[in-house]
Structure formats: structure tokens, C-alpha cells
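S.K.: Starting from the structure of chain A, add chain B where the hints point.
For reference, the chains in residue letters:
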Amino acid sequence: MNRIKRNTKQVLVVFAAVFMLLMGYLLYTYFFQGNRLANSYYNKRITQKSQDVVWGDIKDRNGEMLAVSRQKDNQWVRDYPHGAVTAHVVGYVDPKLGRAGIENSQATYLLGLNNGVLEQAVQRFVFHELHGNNVILTLDYRLQKTAYDALGNRRGAVVAMDPRTGEVLAMVSKPDFDPNNLASLNDKDVLYNKALQGTYPPGSTFKVVTLASALKNIPDIDSQTFTCKGYINVGNYKLSCSGNKAHGQLNINEALEVSCNTTFASIGLQLGDKLLSQTAKEFLFNKTFAWDDMTVYASNFPKEEHITDDELAKDAIGQGKVTVTPMHMAMITSAIANDGDMMQPRLVKAVENSRGRIIRRFSPRRYAHVIDKPIADKITDMMVSVVTDGTGKSARISGVDVAGKTGTAQAGGQQEDHAWFISFAPADNPSIAVAVIVENAGTGGIQAAPIARKVMEQALRLGYK
Amino acid sequence: MTYRVRSRAWDILITIIAFNLAGFILLAFRSSPIDDQALYIAVFTSAVYAISYIIVISFFKQCDEYIMLLIFALSSIGFIMLYRLDAQTAIRQVQWFVLGISVFFTMMILSRYMRGLDRYFHIYAVASVVLLLLPMIIGTIRGGAKNWIEVGGYTVQPSEFVKLLFILATASILKEKRSMKELLPLMVFAAICMVILILENDLGAMAIYFAVFVIMLYVATSNIIYVLGSLILAGAVGYVAYLALGHVRIRVEAWLNPWADATGRGYQIVQSLIAIGSGGWLGSGLGLGQPYIIPAAKTDFIFAAIAEEFGILIAVAIIAMYFILIYRGMKIALSSNDPFNALIAIGAAAMLGFQTFVIIGGVIKLIPLTGVTLPFVSYGGSSMVASFMLVGVIQSTVIQTKPSDGVYPEKITGERYSESY
Chain A
1 MNRIKRNTKQ VLVVFAAVFM LLMGYLLYTY FFQGNRLANS YYNKRITQKS QDVVWGDIKD
61 RNGEMLAVSR QKDNQWVRDY PHGAVTAHVV GYVDPKLGRA GIENSQATYL LGLNNGVLEQ
121 AVQRFVFHEL HGNNVILTLD YRLQKTAYDA LGNRRGAVVA MDPRTGEVLA MVSKPDFDPN
181 NLASLNDKDV LYNKALQGTY PPGSTFKVVT LASALKNIPD IDSQTFTCKG YINVGNYKLS
241 CSGNKAHGQL NINEALEVSC NTTFASIGLQ LGDKLLSQTA KEFLFNKTFA WDDMTVYASN
301 FPKEEHITDD ELAKDAIGQG KVTVTPMHMA MITSAIANDG DMMQPRLVKA VENSRGRIIR
361 RFSPRRYAHV IDKPIADKIT DMMVSVVTDG TGKSARISGV DVAGKTGTAQ AGGQQEDHAW
421 FISFAPADNP SIAVAVIVEN AGTGGIQAAP IARKVMEQAL RLGYK
Chain B
1 MTYRVRSRAW DILITIIAFN LAGFILLAFR SSPIDDQALY IAVFTSAVYA ISYIIVISFF
61 KQCDEYIMLL IFALSSIGFI MLYRLDAQTA IRQVQWFVLG ISVFFTMMIL SRYMRGLDRY
121 FHIYAVASVV LLLLPMIIGT IRGGAKNWIE VGGYTVQPSE FVKLLFILAT ASILKEKRSM
181 KELLPLMVFA AICMVILILE NDLGAMAIYF AVFVIMLYVA TSNIIYVLGS LILAGAVGYV
241 AYLALGHVRI RVEAWLNPWA DATGRGYQIV QSLIAIGSGG WLGSGLGLGQ PYIIPAAKTD
301 FIFAAIAEEF GILIAVAIIA MYFILIYRGM KIALSSNDPF NALIAIGAAA MLGFQTFVII
361 GGVIKLIPLT GVTLPFVSYG GSSMVASFML VGVIQSTVIQ TKPSDGVYPE KITGERYSES
421 Y
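Which chain is which? The protein sequence lines are A and B, in order. FYI, in this note's numbering the residues of the first sequence are 1 to 465. FYI, in this note's numbering the residues of the second sequence are 1 to 421.
Chain A extracted, bound-state conformation (with noise of 0.2 Å):
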């Protein structure tokens, strides 16, 4: 008898052990998936409500309606002011094409899904009609607008956040669309927000991470003397510089301001594919990021162990396998310019009442720590110098000093490179933090680098410092 008791006891910590699980996997599948479930495609009670609750407005941070409801013929219809400017942030609602954007992510503070019986009742009986919530975004309308107008007709994104917050202050992908009219759409990969869903090659923007990872990992990096004769054999492959053009004797700060590709190609090397990659890890490449409001596409970087010589070389200098999307680029950006903490990017900024009363603020939240101070100031003065003297002298502002670094990709085939230009600015004290690439457009330096620099000059005008 006594060995069944003993055995029994045994038997209820486990049953005591499996329930704790349960709690604790609810509980845990709540709190860290819960807004999303609930916001999903899926869920039937969005399209259910939204027939019988007016939806909420959605703002930017100084309340310029991008999103309102308004009645039209006894009827509530959904008007987006900025049109085309904001249409893949603020996404859009359509019986046909579903939901997207703003529109989809935040769906059930727009419709009030969880607000509480009280503020319920007194909608119900006080206002008899049910409003949504109002959300206010992160997003600057006024800088929203020049970084929209800067790209012009090419087809591309720009991606503008504050790096000590991640606050978003302008997202814009092109080709766009116009979300009053969704009806007269005829290509639906306009619909595609590039800037969390694109994946480019990143071209030499790559070389600020391989340039982490020496100043980690080398240390005599800073002492060392490269020699580029315009091309560089790694086994049976030739990379070579931009237009064969063989820089000569010089530093790595120098190699960066020309972006020398044999430089960094010989450093990767130098380096190895495990090293490479861990730094590459450490800036959260392979990493599909799944927050609240928005779902960014993973980077990518080629798993260490398939990684030969010549591949090596090639993604080092942002070439071969690797691909980045627009919004990680920001990301990266931004992490260096707040000395190696890597903010989560926000579009959210609080949400409001019907009434206009606060019910939830957002607030920062650093999501990695990818470099130390040091080598987050050393990387800032070397892309100061890019702008100063160096590939991205046409981001230069006078009286601010920018940090930027180019990258012209190959698209593949007999297509025209990506143009890319990452930045921010001040460098001493950075407030805005911008990555943009133009699709097919050619030389980063030429194409890219002015519309970040418009967009630095106008976040800077308005006050952001």
C-alpha cells in the first residue's frame, strides 16, 4: 500500500506539472500572439462588426486625418484624404482584396473589439451608435509627403524613423495606388508595401555590417593597409570595383568612403564565414519580425556551412545571397546611429477614444543591442567621411554633418542596378535615420543619396532633433 501512495504522489506532480503547462501556454499564447490572432484575416468578427460599428479614424502624430469615416447616402464610408501618399501605411478595407496595412493590423481597436462592457454601454445608450477607436500613428504626414514626392515615378521605397524610438516617421513604397478607387485597379502588385516586403540585395550599404564585424572581430583592422588593383581572384572568380577602377594603397576608413569592393571582399575573407555570419545574426538577418503593426520579411544571409570562398567575398560586399528589405536597412541604420541599440520600429503611436481621450500609449522598446558604443561611433565617423569625401557626397546638408553609406547592387540578369542610400543626421546626435532604394535606377550615389537627403533636410526643418 505504501508504494501506491508513494506512486500516486508521484503521479499528481506530474498531472500538477502538465496543468501548470497548460496555464502557462494559454497564458503565454495570449500575451504574446493574442493581438494579432485577433486581428488575423481570419477572423470573422472583424467583418461581422464592421457592419454594425463605425470604424475609427487613424492619424499621424500631429493629427492629420489619414483615415476617416464618413456617412454618405445613410451610409458610413471610408475616405482616405492623402490618398495614393499614405496608401500603403494606412492600407485599406475592401470587400474584394481583404484588409492591409493600418487598416488590417489595428482592425480591432478601429472597431472597438476590445473595449470594455462599460465604455460599450455608454456608446450604446448614451450616442446609440458604436464607434471604433482612433489610432494615431507614428508617421509625420509633412515628411510622409517629401519623401513620397522625392521618389517621384520610380519604383522603390524610402523608409524615415527616429533611431532613438523606431518610431516610423515616413514609409512609402512605389508603384502606388489610390485607395478611394480600389475598384479600377488593375495590377495588384501595387499593392505590395516594398518596404517590409521587398528583399533587395543590399549592395555596399552590406559593407557597414562586414565593417562591424572587423572592427569586432580584427583588431588590427584600423593599422592595416589593403592594395587594390581594381579586381581581386578568389578561386576561379574575378570581383571587382566599380568600373575596374583600382584605388591603390588605403586604409579601411578609405575603403569605405570609395567603396572598395576588393577591400571588403578581402576582409570577409579575412574574416571567415563564421564570423561573418554571426555578425550578420547579431543584425537579426534570417529573422522574419512579426510585431503588432507590421510584419517585416525575413533578411537573408546564407547559412555558414554552404558558404565557399568566392560566395564568401560576394556577400560581403552585399552581393551573391544575401538580400535585405528596406525596413531592416532602416533598422540597421538606426542601430548604428544609437550607438548599437537597435530600436523596434513603431507605427503605432497611442490609440484613442471616439471621445478623443488617450486609452493607450505606446512607448519605445529597444529590440536588440547588435554593437558596442565603440565600434557604433567608429562605423558613424567613417560613413561621415562617405559624405564629406567619399561615394554619398550628393546627401551632403551644410551646417549638419550626415553619416551615409551607398550601395549600387546588381539586379541580375541585363536589368539596371538597385540604387541604394542609407544615412542619418546629425552624426554627433542623430534624429532621423533614412534608407532608400531606387529600383534599377543605377549608381546609389547619384540616385538614391538625394532623396534621403531631402528627407533629412525636411525632418530636420521640421523640428526633429
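Quick caveat, the hints were computed from the structure, so don't treat them as lab data. Possibly wrong hints are sitting among the right ones.
[As the list claims (entries may be wrong)] Label pairs and their in silico Cβ distance ranges:
| no. | chain 1 | residue 1 | chain 2 | residue 2 | range |
| --- | --- | --- | --- | --- | --- |
| 1 | B | V252 | A | Q10 | 24 to 34 Å |
| 2 | A | R357 | B | A50 | 18 to 28 Å |
| 3 | B | E253 | A | Q10 | 26 to 36 Å |
| 4 | A | G24 | B | L231 | 54 to 64 Å |
| 5 | A | V117 | B | V252 | 33 to 43 Å |
| 6 | B | Y40 | A | D73 | 45 to 55 Å |
| 7 | B | V252 | A | T227 | 51 to 61 Å |
[What the hints assert, rightly or not] Sample of chain A residues facing chain B (criterion: CB under 8 Å; computed from the structure):
| no. | residue |
| --- | --- |
| 8 | V13 |
| 9 | F15 |
| 10 | M23 |
| 11 | Y30 |
The beta-carbon is built from N, C-alpha and C at its ideal position, and this holds for glycine as well.
M.R.: Frame of chain A; chain B shown alone:
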């Protein structure tokens, strides 16, 4: 001291009745004119709780009244949720509850006179196998599993009732026999039961029977080799089933990534998770959510429906209540001085516990989904009556352990109370 303890239990009963009344009153006010049917059910179920409780504390003093209170609380949440989803279903569920508790009291009365239940292994075994085979012969298919039969206009699920027989059969052998040879008939019996359940596609029931069997085997023999052997066997069978049976593979895949086919194979689990995510910590409020969107919300997925309207905190509390129920059941086993009685109490408590784990785990995507009921909460007559039978067999062992001199074992009057407060 006794007075204080009783009054504490009374407080719990009054709280449950207050909850029950509040829930139904809220539902009554949903429509205008007021739905007085809801009020009648509220009064009736509250009266059933009060009367049952008085019967327990008056005539079956040895019984654990907290187990009864837990059942009342769980069934009340079930009634309210079912009434909110469909009034007619809730009324039938109340009928099943009354039938179940009647069966419970009948068992309690009979257990005063019944002795030597441990001598009928062959009867239990044959009855189990026959009952399990019935659906294959005269059964109807429901929800992909062929485990139902029709009796006088009602559909009955024999595997629910075999639970008790299975426990009795297993305990009859395990109470004294330890060697491999002596255990052989039991092994054969258990294997036959599992095979029938697999053939009937009732994987949830099979998992529960298997787990209970392994638990009882371990408790009786202390032999970890049996347990490991069984687990390895289960793993092998499970893997073969995964490879060979299409519907098993579908379930596992729907579990691993329900979003890959969110409108098809993953539909149930996706909708369940969305419901859990939509409610919030305190729920949308009774009648204010849309739990009717969840497939099988009245039966398998009632936990998701409760999580949506009552909130995550209540859902967590429900899991805790089930654990306390199992804990008190096992505590009765610990107080028993008879191996047979201890084994059936452990078996029945484990049966309820593992069934709860399987269905809640499936609904929250912790484990692959298999359709079983949430005891005392999900709609279903077979399930309600069978759950009461399991509690009945646990409680009746206390009556059987009553010593001849009429003094109840020490834990019943003293230790239990001092430990509770």
C-alpha cells in the same frame, strides 16, 4: 472548527449559486421582453445544486464535498455558455446533469451494500469489448469517428461508459498481481480496447485509455520498465499511424501549422485561437462576443468560447479547478487502505484529468487536436453521465473504506480541514 469549515463550504456553494443566477439573469435581459425561460433554468439549476449539496453533507458525510462544489461550478459555466449559444441545448444539458447526479447518488447508495467488486475482471473485460464493438456493428459516424450508437432516439457513445469498466477491470488485476505472466490477460484486454478505438477512429479516447492504463500500471507495480516500454510502443504505433493513416497526418499537420490551410484543415484550430485572442484578459463579456463563430463551440471547443466571453483569467482558473478536482480525487486514493479502491480512485481521477488535458491542450494548440469532451462543461449526455460515474466511483471508495467500528479515517475529519485552511 467543524462549524467554520462547513460554513466556508457553504460560502463557496452560495458563490456558485450567485454566479449561476447572475449569468442567467444577464442572458435573460438580452432579449425584450425578458427571456423568463433563462430565469426558470437559473432557479432550477441553483435548486439542484443546493439540494444535491445538502444530500451529500447529510447522508454521505464521508464524501469530499469540495469535489461536488467543483462539479457545480464547472457545470454552471457550461450551462451559461450553452444557453448563450443555444437555449435548447442548455435545457437538454441540464437534463443530462440531473440524470448524471442521480446516477451518482445511486452509485453512492449501492456502494454501501456492494462488496467484492474486484472479483469480476472477466465480466468487466467482456462487457467493455462488447460495448466498444457496438458502434462498429450498429454505429453511426459523427465527426469522422465511428463511435456512436442510437438507442431509443438518443445517440450514445459507448466508449464513455466503458471508461468505468476499463478502470474496474484494470484495478481488479493490478490490485495484487505483479508478474508479467499474471498481467498477461490484462495486457491483452487493454490492447484489444486500443485496437478497437483506433479502428473506430476515436483517437482522443484511445490516448486517454492508454494514458490511464500506463498510470495505473505504474502506480500498482512501481515498474518503470512497463512505463517506458508502453511509451516506446505508443511512440512506435503513433509514428506508424502518422505514416500510414492520412487523417492522423492531417491532424498533426493542422497542429504544426494550422495557418497553412486556415480555411480548410486548420480551420477549427485557427478559429479557436482567434477566439482566445479576441476575448482579452477579462473577456468580451457574456453575450457580447461572437463565440458562435467557433466550430463545435458547444462540444469540443467550448473552452475557446468560454475564453472569448469570460476571458483568459477565467479560462486559467478553469484549468486550475480541474487540477483541484484531480488533486482531491487522488487524495481520496491516498487515504484508502485497500489497493483496489486506491487504484480505481487513481484511475478515475487520471481519466478525468487526462481527458481535460487532451481537449484543452488541443483547443489551445499545445498538442494535436482530438475530439473529446471537456468533462461537466461540454454538451453531451454520455459524457456528463460518464463523468459523474467516474466521480461516483472515486467517492464510493471512501464509503467502502469506512472501518467496521464506524470511525472514519483520520484524514476525513481532521487533517483535510486543517490543511485546507
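S.K.: The hint names A/Y30 as touching chain B; please verify it with the least Cβ-Cβ distance against 8 Å.
M.R.: This interface hint holds because 5 Å falls under the 8 Å limit.
S.K.: Are A/V13 and chain B close enough, Cβ to Cβ, to be under 8 Å, as the hint says?
M.R.: With a closest approach of 10 Å, the A/V13 hint is violated.
S.K.: Go ahead and decide if the range 24 to 34 Å is satisfied by the Cβ distance of B/V252 to A/Q10.
M.R.: Since the Cβ atoms of B/V252 and A/Q10 sit about 30 Å apart, the hinted range of 24 to 34 Å holds.
S.K.: Kindly confirm whether 26 to 36 Å is satisfied by the beta carbon distance between B/E253 and A/Q10.
M.R.: Because 34 Å falls inside the window, the suggested range holds.
S.K.: Kindly confirm whether 51 to 61 Å is satisfied by the beta carbon distance between B/V252 and A/T227.
M.R.: Given range 51 to 61 Å: holds, Cβ gap about 59 Å.
S.K.: Starting from the hint 45 to 55 Å, judge whether the C-beta atoms of B/Y40 and A/D73 obey it.
M.R.: holds (46 Å)
S.K.: Hey, does the A/M23 contact hint survive, CB to chain B under 8 Å?
M.R.: With a closest approach of 5 Å, the A/M23 hint holds.
S.K.: Would you say the C-beta atoms of A/G24 and B/L231 sit inside 54 to 64 Å of each other?
M.R.: Taking Cβ atoms as reference, A/G24 and B/L231 lie about 23 Å apart, which means the hint is violated.
S.K.: Given a hint of 33 to 43 Å, does the C-beta separation of A/V117 and B/V252 actually sit inside it?
M.R.: Given about 40 Å between the Cβ atoms, the range holds.
S.K.: Against chain B, is A/F15 within 8 Å by beta-carbon distance?
M.R.: holds (5 Å)
S.K.: Look at the Cβ atoms of A/R357 and B/A50 and judge whether their distance stays inside 18 to 28 Å.
M.R.: Because 46 Å falls outside the window, the suggested range is violated.
In this structure, the hints that do not hold are numbers 2, 4 and 8, in rising order.
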